[in-house]
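Here is what each chain is made of, one letter per residue.
Number of protein chains: 2
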Amino acid sequence: MSYAKLDAHCRSLGALEHALAILGTDEATHMAPGGGEQRAEAMASLSGMHHRQATTPEVGDWIEAAKAEALDPEQKTAVSELERSYINMTCLPSDFVERKMRTSMRSEQLWRAARPNGDWKTFEPALQEVVEMTREEASMRADVLGLAPYDALMEQFDPGNRTETVTPVFEELKSFLVEFLPRALDAQEQRHAKCPLKALSGDYPVERQKALGIAMMKAVGFDMNHGSLSISDHPFCGGVPSDVRMTTRYRTDEFLSALMGILHETGHGLYEQNLPKQWAHWPSGKARGMSIHESQSLFVEKQIGRNPAFWTFALPLVDRYLQENWSMEDLLPHVHLIKRGKIRVDADEVTYPLHVILRYELEQELLAGRLEVKDLPEAWDIRMQASLGISTLDDPKNGPMQDVHWPSGAFGYFPSYTLGALMAAQQWAAIVKINPDVDRQIAAGDFEAVNAWRRDNIWSKASTASTPEILRQATGEVLNPAYFIAHLEARYGG
Amino acid sequence: MSYAKLDAHCRSLGALEHALAILGTDEATHMAPGGGEQRAEAMASLSGMHHRQATTPEVGDWIEAAKAEALDPEQKTAVSELERSYINMTCLPSDFVERKMRTSMRSEQLWRAARPNGDWKTFEPALQEVVEMTREEASMRADVLGLAPYDALMEQFDPGNRTETVTPVFEELKSFLVEFLPRALDAQEQRHAKCPLKALSGDYPVERQKALGIAMMKAVGFDMNHGSLSISDHPFCGGVPSDVRMTTRYRTDEFLSALMGILHETGHGLYEQNLPKQWAHWPSGKARGMSIHESQSLFVEKQIGRNPAFWTFALPLVDRYLQENWSMEDLLPHVHLIKRGKIRVDADEVTYPLHVILRYELEQELLAGRLEVKDLPEAWDIRMQASLGISTLDDPKNGPMQDVHWPSGAFGYFPSYTLGALMAAQQWAAIVKINPDVDRQIAAGDFEAVNAWRRDNIWSKASTASTPEILRQATGEVLNPAYFIAHLEARYGG
Numbered sequence: 001m002s003y004a005k006l007d008a009h010c011r012s013l014g015a016l017e018h019a020l021a022i023l024g025t026d027e028a029t030h031m032a033p034g035g036g037e038q039r040a041e042a043m044a045s046l047s048g049m050h051h052r053q054a055t056t057p058e059v060g061d062w063i064e065a066a067k068a069e070a071l072d073p074e075q076k077t078a079v080s081e082l083e084r085s086y087i088n089m090t091c092l093p094s095d096f097v098e099r100k101m102r103t104s105m106r107s108e109q110l111w112r113a114a115r116p117n118g119d120w121k122t123f124e125p126a127l128q129e130v131v132e133m134t135r136e137e138a139s140m141r142a143d144v145l146g147l148a149p150y151d152a153l154m155e156q157f158d159p160g161n162r163t164e165t166v167t168p169v170f171e172e173l174k175s176f177l178v179e180f181l182p183r184a185l186d187a188q189e190q191r192h193a194k195c196p197l198k199a200l201s202g203d204y205p206v207e208r209q210k211a212l213g214i215a216m217m218k219a220v221g222f223d224m225n226h227g228s229l230s231i232s233d234h235p236f237c238g239g240v241p242s243d244v245r246m247t248t249r250y251r252t253d254e255f256l257s258a259l260m261g262i263l264h265e266t267g268h269g270l271y272e273q274n275l276p277k278q279w280a281h282w283p284s285g286k287a288r289g290m291s292i293h294e295s296q297s298l299f300v301e302k303q304i305g306r307n308p309a310f311w312t313f314a315l316p317l318v319d320r321y322l323q324e325n326w327s328m329e330d331l332l333p334h335v336h337l338i339k340r341g342k343i344r345v346d347a348d349e350v351t352y353p354l355h356v357i358l359r360y361e362l363e364q365e366l367l368a369g370r371l372e373v374k375d376l377p378e379a380w381d382i383r384m385q386a387s388l389g390i391s392t393l394d395d396p397k398n399g400p401m402q403d404v405h406w407p408s409g410a411f412g413y414f415p416s417y418t419l420g421a422l423m424a425a426q427q428w429a430a431i432v433k434i435n436p437d438v439d440r441q442i443a444a445g446d447f448e449a450v451n452a453w454r455r456d457n458i459w460s461k462a463s464t465a466s467t468p469e470i471l472r473q474a475t476g477e478v479l480n481p482a483y484f485i486a487h488l489e490a491r492y493g494g
Numbered sequence: 001m002s003y004a005k006l007d008a009h010c011r012s013l014g015a016l017e018h019a020l021a022i023l024g025t026d027e028a029t030h031m032a033p034g035g036g037e038q039r040a041e042a043m044a045s046l047s048g049m050h051h052r053q054a055t056t057p058e059v060g061d062w063i064e065a066a067k068a069e070a071l072d073p074e075q076k077t078a079v080s081e082l083e084r085s086y087i088n089m090t091c092l093p094s095d096f097v098e099r100k101m102r103t104s105m106r107s108e109q110l111w112r113a114a115r116p117n118g119d120w121k122t123f124e125p126a127l128q129e130v131v132e133m134t135r136e137e138a139s140m141r142a143d144v145l146g147l148a149p150y151d152a153l154m155e156q157f158d159p160g161n162r163t164e165t166v167t168p169v170f171e172e173l174k175s176f177l178v179e180f181l182p183r184a185l186d187a188q189e190q191r192h193a194k195c196p197l198k199a200l201s202g203d204y205p206v207e208r209q210k211a212l213g214i215a216m217m218k219a220v221g222f223d224m225n226h227g228s229l230s231i232s233d234h235p236f237c238g239g240v241p242s243d244v245r246m247t248t249r250y251r252t253d254e255f256l257s258a259l260m261g262i263l264h265e266t267g268h269g270l271y272e273q274n275l276p277k278q279w280a281h282w283p284s285g286k287a288r289g290m291s292i293h294e295s296q297s298l299f300v301e302k303q304i305g306r307n308p309a310f311w312t313f314a315l316p317l318v319d320r321y322l323q324e325n326w327s328m329e330d331l332l333p334h335v336h337l338i339k340r341g342k343i344r345v346d347a348d349e350v351t352y353p354l355h356v357i358l359r360y361e362l363e364q365e366l367l368a369g370r371l372e373v374k375d376l377p378e379a380w381d382i383r384m385q386a387s388l389g390i391s392t393l394d395d396p397k398n399g400p401m402q403d404v405h406w407p408s409g410a411f412g413y414f415p416s417y418t419l420g421a422l423m424a425a426q427q428w429a430a431i432v433k434i435n436p437d438v439d440r441q442i443a444a445g446d447f448e449a450v451n452a453w454r455r456d457n458i459w460s461k462a463s464t465a466s467t468p469e470i471l472r473q474a475t476g477e478v479l480n481p482a483y484f485i486a487h488l489e490a491r492y493g494g
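Sequences listed follow chains B and W, in order.
All letters in the first sequence, in the order written, are residues 1 to 494 by UniProt numbering.
All letters in the second sequence, in the order written, are residues 1 to 494 by UniProt numbering.
Heads up, a few of these hints could be off.
Some, not all, of what chain B presents toward chain W, calculated at C-beta under 7 angstroms [what the hints assert, rightly or not]: (1) A8; (2) I22; (3) L23; (4) E27; (5) P33; (6) G35; (7) L46; (8) N225; (9) H226; (10) G227; (11) I231; (12) H234; (13) S242; (14) S460; (15) S466.
I should point out that these hints are in silico values taken from the structure, not numbers from a laboratory.
Backbone N, C-alpha and C fix where the C-beta goes; we use that ideal spot for every residue, glycine too.
In isolation and in its complexed conformation, chain B is listed as follows (with noise of 0.2 angstroms):
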């Protein structure tokens, strides 16, 4: 039975990931200085084997053959999202996908060496390069999957994701935000003039952090038995479903970076850790792709861990592990300060997604070849002067230079972050709706209700619906803007 067959070639392809997983997490956390080269050779050697078994030919008839078997309506559903994801590692020739592996490894290089001193001039030929084979890699992935060439590359990291849905969303929040910003900072100012912000500084040892963050972990759902927490240098969530690692870093001097840091990767970890594990070596068993994810891990960090109600119920938790008896008032406008900044990764909610837009914009404008990468740092100073009111034309470092993922060949990722935003602020609306009382249970600790319904219409659903159907299925309707602006209109209007 060839159904039999698929279900053994995802256990061998799981059994890699496992391995790459692990490896991954391990050379972040727990490796030895010295051991990056082999190990990078290995882990090499071990995605070629991946990439070999995946796409191999036989595959393919298992996949047709299956097709003709009596299934039932999971395993139907399993065959056909292994055949999306065999026909988006198959679409593209291996000699080009070798060639376009050497050309953004060296670009990526290139910008590490470049970025610390902002030179823009020995960064740009190789940009310009990946550029030039993004636009013939997503003219080969528009052709197999009948989609436009911008929307082939976003089907790899959201399935179902188009630019028909995102664009008039991303125009819509544009045009909220850049006149809400101005209006949000005055209220900002207007509280702190009122009432001065108060530096939340003091000296917390790691382990009383780190005995925190686990607190907080348990407190809003993460199993312990099936994960654990560790040190990095920049925070992520890795490993497996069966053992999710996060990791965080830690300032002596305050907690809450570290803090938030934390709640946002434990949202990452939930989603893992929820996954229907009968299903976990087979595509539709895995999280769905990278907005949902972020949908997740934003969830916690800004729909539950800057919600003031969750202070309620956070800040006697600190003050056990920190002996730090912070009030509200101090707390509330540090998770709750805005400001404009010319980096996206330390921007906040509110001009978070005007970094993203810029991104979206000038990425489909260089893919369509109507942008070429030397005109790069004037367009991206134009849209950063019109959207955020600052100017990065002297300091490419903080402009078109701060992101890895144009260096490293990742076009169409960007737009995941703002929308994993908006769909959090859907998600919330869609509990509050069935659940009114949902800000009690948060500021008693109480997470349950809030867990099961997302459980229920996100986590168990894993790769089993697309991006956009998964959140129409949970909320009742499609992609709508309008439960983030209201989101950021309660919490930031004044």
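Got chain B sorted already, so can you dock chain W onto it with the hints?
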């Protein structure tokens, strides 16, 4: 060129070995408690991939073809060692390999369940089945390799070791020890009567013990850029040569057991770290086998770490890290403590070989069919009484049920432990002969000359010759128990 194909083949196997080594270490050190099932499944699947790749018939063809190619001497050795390994891996039919794995896994599980209660009757039939399969295995290996059955088993762990050499050496050693042990115990009693043993107890926080351990590791030559020390239930040395993962366990009421464990594992780690890097992916570039590995760990633990000269250097470090000013008179009686006991893993360097020789004799009897499993408790007891003067007849848990080796199907492994101890003493003697100043160097914390000899004569040789041949080239003579005997006489003879 077939040699190039073999090189790529070895690199691919090396990536899987890298993954298995790190996943195995991670399981014991950082894995979440609930991650075990998925980890076991992933590792079984990767092991299966490794076995299929390693034993694929093409490899045999490439080896044949490569032997006819123009290769330099190192390449010739590499191909010939790969051939040895290929023959050892392919000499059993794959259905037998699977059947044996199932049988020994079941038997090991039964052993884990039955051992705590010393339930020999439940365990006996499972072990009988393992013994019967091992007889079959030995006979098949013997046919292919042209060796006697027990030699064919030892060959897997220590290529080149033969009963023809080992048996007379063990006979001589046993005769000596049976006479020596009572004499050494008497001498110890007299020393303790004059100067009673003083407990080395105190309050030693784990972090300080770890810092002391790392200082010792560095001092004896361990490269912390290519390795680390963490905690596990059972100390081991795992990982890969570029990233050696050592572990230990701590008690906070005494420091000596963790420290001696660290020194032992450091010996394994030094060997791995100093293997020839350019051959890392070929069998000829890997550690030779169990007995040479054990000679390296025992060298650091016994020849260096229990040498009084070492403590001239080490006691001030203990004082610096633990704020505990023990004298040589306090400490040495502990590192030289000997006593009769039932348990191999708890034995000191005088009694340990008697435990090993008993197993070496019994497993040959079992294999030859001169002994059946049902008669093992009596046979074990008779030999324990004769060599150590202890009965285990009423205590099978601490008799033939104490070790994991037989239940898991590892016959022919036990001699490695004592061969390692003999070789360590012989290597030490070879060093002293050309470098009579070695004790003074060690007392000064200078391990460079000792390590230079070991690097040139053991570590850099990797698997380029058989176990006995490496010893012969290094020390100028074949295995000679006189050095170990002299070592025991000098240290424990009174």
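Here's how the hints hold up against the structure:
With 7 angstroms as the threshold, the beta carbon of B:A8 stays out of range of chain W, its nearest partner Cβ sitting at about 10 angstroms, so the hint is violated. Against a cut-off of 7 angstroms between C-beta atoms, the interface hint on B:I22 holds, since the closest Cβ of chain W lies about 6 angstroms away. Given hint, B:L23 at the interface with chain W, holds; its Cβ is 6 angstroms from that chain's nearest Cβ, closer than 7 angstroms. For the restraint placing B:E27 at the interface with chain W, the shortest Cβ-Cβ distance is roughly 9 angstroms, beyond the 7 angstroms limit, so the hint is violated.
Evaluation of the B:P33 hint against chain W yields a held restraint, the C-beta minimum of about 5 angstroms falling below 7 angstroms. With a least beta-carbon distance of about 3 angstroms to chain W, the hint placing B:G35 at the interface is held under the 7 angstroms criterion. Taking 7 angstroms as the C-beta contact cut-off toward chain W, the hint placing B:L46 at the interface holds, the least distance being around 5 angstroms. Interface hint at B:N225: satisfied, since its Cβ lies 4 angstroms from the closest Cβ of chain W, which is below the 7 angstroms cut-off.
A hinted interface residue such as B:H226 counts as satisfied when its beta carbon comes closer than 7 angstroms to some beta carbon of chain W; here the least separation is about 4 angstroms, so the hint holds. A distance limit of 7 angstroms between C-beta atoms decides the matter here; for B:G227 the minimum to chain W is near 5 angstroms, and the interface restraint holds. Taking 7 angstroms as the C-beta cut-off, the interface hint given for B:I231 is violated, the closest approach to chain W being about 12 angstroms. The beta carbon of B:H234 is not positioned within 7 angstroms of any beta carbon in chain W (closest approach about 18 angstroms), and the interface hint is therefore violated.
This hint holds: B:S242 has a C-beta 4 angstroms from the nearest C-beta of chain W, less than the 7 angstroms allowed. Given the 7 angstroms rule on beta carbons, the hint for B:S460 is violated: about 18 angstroms separates it from the nearest Cβ of chain W. Contact between B:S466 and chain W, as hinted, is not supported at the beta carbon level, the nearest pair being about 27 angstroms apart and thus beyond 7 angstroms.
In terms of the numbered hints stated before, the structure departs from hints 1, 4, 11, 12, 14 and 15, listed from lowest to highest.
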